[in-house]
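Student: Assemble the complex: chain A is given as a structure, and chain B must be docked to it using the hints.
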Amino acid sequence: MTDFVTVSALAARIGNGAKLALPVDYAGVAMAATDAIIARAPRDLHLVCVPTGGLQVDMLLGAGLVGTLETSAVSLGEAGSAPCFVRGVRGEAFRLMDATCPAIHAGLIAAQKGVPFLPLRGLIGSDLVTRRPDWKVIDNPFGENDPIVLIPAIEPDVCLFHAPEADRMGNVWIGRRRELATMAYASKRTLVTVERIREDSLLADEKTAAGVLPALYVDAVAKVPNGAWPYALWGEYAADGEEIGRYAEAARTQEGFEAFMAARAEKAA
Amino acid sequence: MSVATPPVTHNERLIFTVARLLEGVRHVAVGASSPIPAAGAMLLRALEEERGGAAVRLSILGSVEHNFFTNGGVELFDCAAQGRIDAFFLGGGQIDGQGNVNLVGVGGYPTSKVRWPGSFGSAYLYHLVPRVILFREEHTPRVMVEKVEFVSAPGVTPPEVYRRGGPKALLTGRGLFSFDAERGGFRLESVHEGHEVAEIEEMTGFAFERPETVPFTPDPDPATLALLRGRVRDELAETYPGFAARMAAEISKAA
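Each protein sequence line maps, in turn, to chains A and B. Note that the working numbering gives residue 146 to position 146 of the first sequence, counting from 1, and the numbers run on in steps of one. Note that the working numbering gives residue 236 to position 236 of the second sequence, counting from 1, and the numbers run on in steps of one.
Chain A with its partners taken away, still in its complex shape (with noise of 0.2 Å):
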């Protein structure tokens, strides 16, 4: 049974050391829910950037909630470098684990299917092969001296989303943004901001079904109408760049960035 709730509750399902997969900036990013989980503070957690992060991520680093981050980027697009994570760097304030977009999306797939492991072309030569040493070169065992790389499943406790719209049943429409399906599969538990909830099943009209999250994989939903700004939300709305030129200028300085978290927090209460 999916469960309806605030999104301050939803944010308060992601715990302590918690390994987290968030979506990429024009996928549908749980802007609102941000705020949520850093007023929760947990401490620890684990991002999987799908398959990069942007402004969320950065204010999670920024908030200092974060032990691991596993991404193949981050960045805030044409706002320029990701302030909180490039200072995140220099001050080792958490553990990388530097990736490449589709080892990450290889480790859900493997999870989503149940196996250990799904091999990967390319990579071969990179330094992110020797600093990933949970990532196997092996020789394909189906052919003669062709190494070929491994990634291991990548199995995040929960995900964290907002899709334009979710039924009374739980069941989510995410269109073709069929990562957040993989996502979900790969992870434990889903959670769901959404625009709206509406009372009709997603699932009777084929149309919509074919872009359906269905309930079994979603834990819980918090409605939030405007959940993904500044970001984009497709179909729905167009991004707020100044808003996130704004938060890139700020966050230059961490007093820079509390003072914009601060002032965020205010205006959404």
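Keep in mind the hints are simulated off the structure, nothing from the lab. Among the hints, a few may not be true.
Claimed, not checked - Derived pair list, reagent style SDA-like, types lysine to any residue, alpha-carbon separation capped at 20 Å:
id, chain 1, residue 1, chain 2, residue 2
1, B, K168, B, T217
2, A, K207, B, T70
3, A, K136, A, E165
4, B, K113, A, K223
5, A, K207, B, F68
6, A, K136, B, T217
7, A, K207, B, F69
8, B, K113, A, R95
9, B, K113, B, E149
10, B, K147, A, K223
11, A, K136, B, Y162
12, B, K113, A, K267
13, A, K136, B, R163
14, B, K168, A, I124
15, A, K113, B, D78
16, B, K113, A, Q254
17, B, K147, A, V129
18, A, K223, A, R189
19, B, K168, B, A198
20, B, K147, A, I124
21, B, K113, A, S81
22, B, K113, A, T253
23, B, K113, A, R252
24, B, K113, A, R87
25, B, K113, A, G91
26, A, K113, B, N71
27, A, K136, B, T157
28, A, K113, B, E75
29, A, K207, B, Y162
30, A, K136, B, V161
31, B, K113, A, G80
32, B, K113, A, K136
33, B, K147, A, R131
34, A, K136, B, P158
35, B, K113, A, R131
36, B, K113, A, R90
Stated by the list, open to error - Partial pick of chain B residues on the chain A-facing surface, computed with a CB cut under 8 Å:
id, residue
37, S33
38, V106
39, P110
40, S112
Every residue, glycine too, gets a C-beta built ideally from N, C-alpha and C.
Tutor: Chain B only, in chain A's frame:
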């Protein structure tokens, strides 16, 4: 009354060069904030349409309108693995003479004094996309180095490593290099107008081959330039409005 056509601008020359480098591709993928590569692909698409050539498909990552993928973020990488992407662009905080690319940072690892966003999909696409074009406007000794501090993606790999892609060219704000995978090094092909070979030698931290006489990078003919200033700029404005407006402003300044 005839009005003289304003001269070709620097950005237009780069876009035309990208279109030349993409000649013959059917599907090109470009990053979300790469207006010059995207414009080059759009110009090639328009030129092919005018000559009745084969259709050129363009995927702009992160764009809703120019992205036909329906299987989430993994589809681009699966598509590349299936051999369905012919060309891709990579930048790099550092690029070295062996075609290695560093998107991670400098001054140590994992604690880096200067940290860039990260490797993205480079470590994979560099092996699998046949024609990878390195594009970096800044051409200085701090970017074009002898050896990168971190290899996000390697220019060459040992022969037993499965690889059907890699660097084909390096386009900078000063000139154009080709890459020889056999030798594992660059060759200077042309110098952009307003630049000199001696200056490129001074600004490049790695050794490269060069012909005795290095030609200037070719400019588009009047018909191609008209296409670039018309249809291509309009298409570009849908995804990169700021860049398209700057291009228009540069032309009126040059006139």
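Student: If a hint holds in the structure, say so; if it doesn't, say that too.
Tutor: Status of each hint after checking the structure:
Between the alpha carbons of K168(B) and T217(B) the distance comes to roughly 17 Å, so the proposed pair stays at or under 20 Å and holds. Between the alpha carbons of K207(A) and T70(B) the distance comes to roughly 14 Å, so the proposed pair stays at or under 20 Å and holds. Of the pairs offered as hints, the one joining K136(A) and E165(A) is violated, with about 40 Å between alpha carbons and a cut-off of 20 Å exceeded. With a C-alpha separation of about 41 Å, the suggested pair K113(B) and K223(A) falls outside the 20 Å cut-off, and the hint is violated.
Distance hint between K207(A) and F68(B) is fulfilled; the C-alpha atoms sit about 18 Å from each other, no more than 20 Å. A hinted pair counts as satisfied when its Cα atoms are at most 20 Å apart, and K136(A) with T217(B) does not qualify at roughly 44 Å. This hinted pair checks out: K207(A) and F69(B) have alpha carbons roughly 17 Å apart, not beyond 20 Å. Taking the CA atoms of K113(B) and R95(A), the gap is about 16 Å. The hint holds against a cut of 20 Å.
For the proposed pair K113(B) and E149(B), the alpha carbon gap of about 12 Å is at most 20 Å, so the pair holds. Of the pairs offered as hints, the one joining K147(B) and K223(A) is violated, with about 51 Å between alpha carbons and a cut-off of 20 Å exceeded. Restraint check for K136(A) and Y162(B): satisfied, since their Cα atoms lie roughly 16 Å apart, inside the 20 Å limit. A threshold of 20 Å between alpha carbons decides the hint, and for K113(B) with K267(A) the separation of about 35 Å lies outside it, so the pair is violated.
Annotation: proposed proximity of K136(A) to R163(B) holds, straight-line Cα distance about 18 Å (limit 20 Å). Taken as a hint, the K168(B) and I124(A) pair is honoured in the structure, with Cα atoms around 19 Å apart against an allowance of 20 Å. As the CA atoms of K113(A) and D78(B) are separated by approximately 17 Å, the hinted pair is consistent with the 20 Å bound. The hinted pair formed by K113(B) and Q254(A) meets the criterion: a straight-line CA distance of about 17 Å does not exceed 20 Å.
Straight-line distance between C-alpha atoms of K147(B) and V129(A) comes to about 18 Å, which keeps the hinted pair within the 20 Å bound. As the CA atoms of K223(A) and R189(A) are separated by approximately 18 Å, the hinted pair is consistent with the 20 Å bound. Between K168(B) and A198(B) the alpha-carbon distance is near 23 Å, which puts this suggested pair outside the 20 Å criterion. For the given pair, K147(B) sits about 18 Å from I124(A) by alpha-carbon distance, which is consistent with the 20 Å threshold.
With a CA separation close to 14 Å, the supplied pair K113(B) and S81(A) stays within the 20 Å bound. At roughly 16 Å between alpha-carbon atoms, K113(B) and T253(A) fall within 20 Å of each other, so this suggested pair holds. Our distance criterion of 20 Å between C-alpha atoms is met by K113(B) and R252(A), whose separation comes to about 15 Å. At most 20 Å may separate the alpha-carbon atoms for a hinted pair to count; K113(B) and R87(A) meet this at roughly 9 Å.
Among the hinted pairs, K113(B) with G91(A) is consistent with the structure: their alpha-carbon atoms are about 9 Å apart, no more than 20 Å. For the proposed pair K113(A) and N71(B), the alpha carbon gap of about 17 Å is at most 20 Å, so the pair holds. Of the supplied pair hints, the one linking K136(A) and T157(B) holds, its CA atoms being roughly 17 Å apart against a limit of 20 Å. The suggested pairing of K113(A) with E75(B) holds, with an alpha-carbon distance near 17 Å, which does not exceed 20 Å.
Between K207(A) and Y162(B) the alpha-carbon distance is near 41 Å, which puts this suggested pair outside the 20 Å criterion. A C-alpha spacing of about 15 Å is found between K136(A) and V161(B), which places the hinted pair at or below 20 Å, so the restraint holds. The straight-line distance between the Cα atoms of K113(B) and G80(A) is roughly 17 Å, inside the 20 Å bound, and the hint therefore holds. Taking the CA atoms of K113(B) and K136(A), the gap is near 29 Å; set against the 20 Å cutoff, the hint is violated.
Restraint check for K147(B) and R131(A): the C-alpha separation of about 18 Å stays at or below 20 Å, so the hint holds. Proximity of K136(A) to P158(B) is assessed by CA-CA distance (about 18 Å); at most 20 Å being required, the pair is judged to hold. Restraint check for K113(B) and R131(A): the C-alpha separation of about 18 Å stays at or below 20 Å, so the hint holds. As the CA atoms of K113(B) and R90(A) are separated by approximately 6 Å, the hinted pair is consistent with the 20 Å bound.
Hint status for S33(B) relative to chain A: holds, with the closest Cβ pair at about 6 Å, below 8 Å. Contact between V106(B) and chain A, as hinted, is not supported at the beta carbon level, the nearest pair being about 12 Å apart and thus beyond 8 Å. Hint status for P110(B): holds, given a least beta-carbon distance of 4 Å to chain A, under 8 Å. A hinted interface residue such as S112(B) counts as satisfied when its beta carbon comes closer than 8 Å to some beta carbon of chain A; here the least separation is about 6 Å, so the hint holds.
In summary, the numbered hints that this structure violates are 3, 4, 6, 10, 12, 19, 29, 32 and 38.
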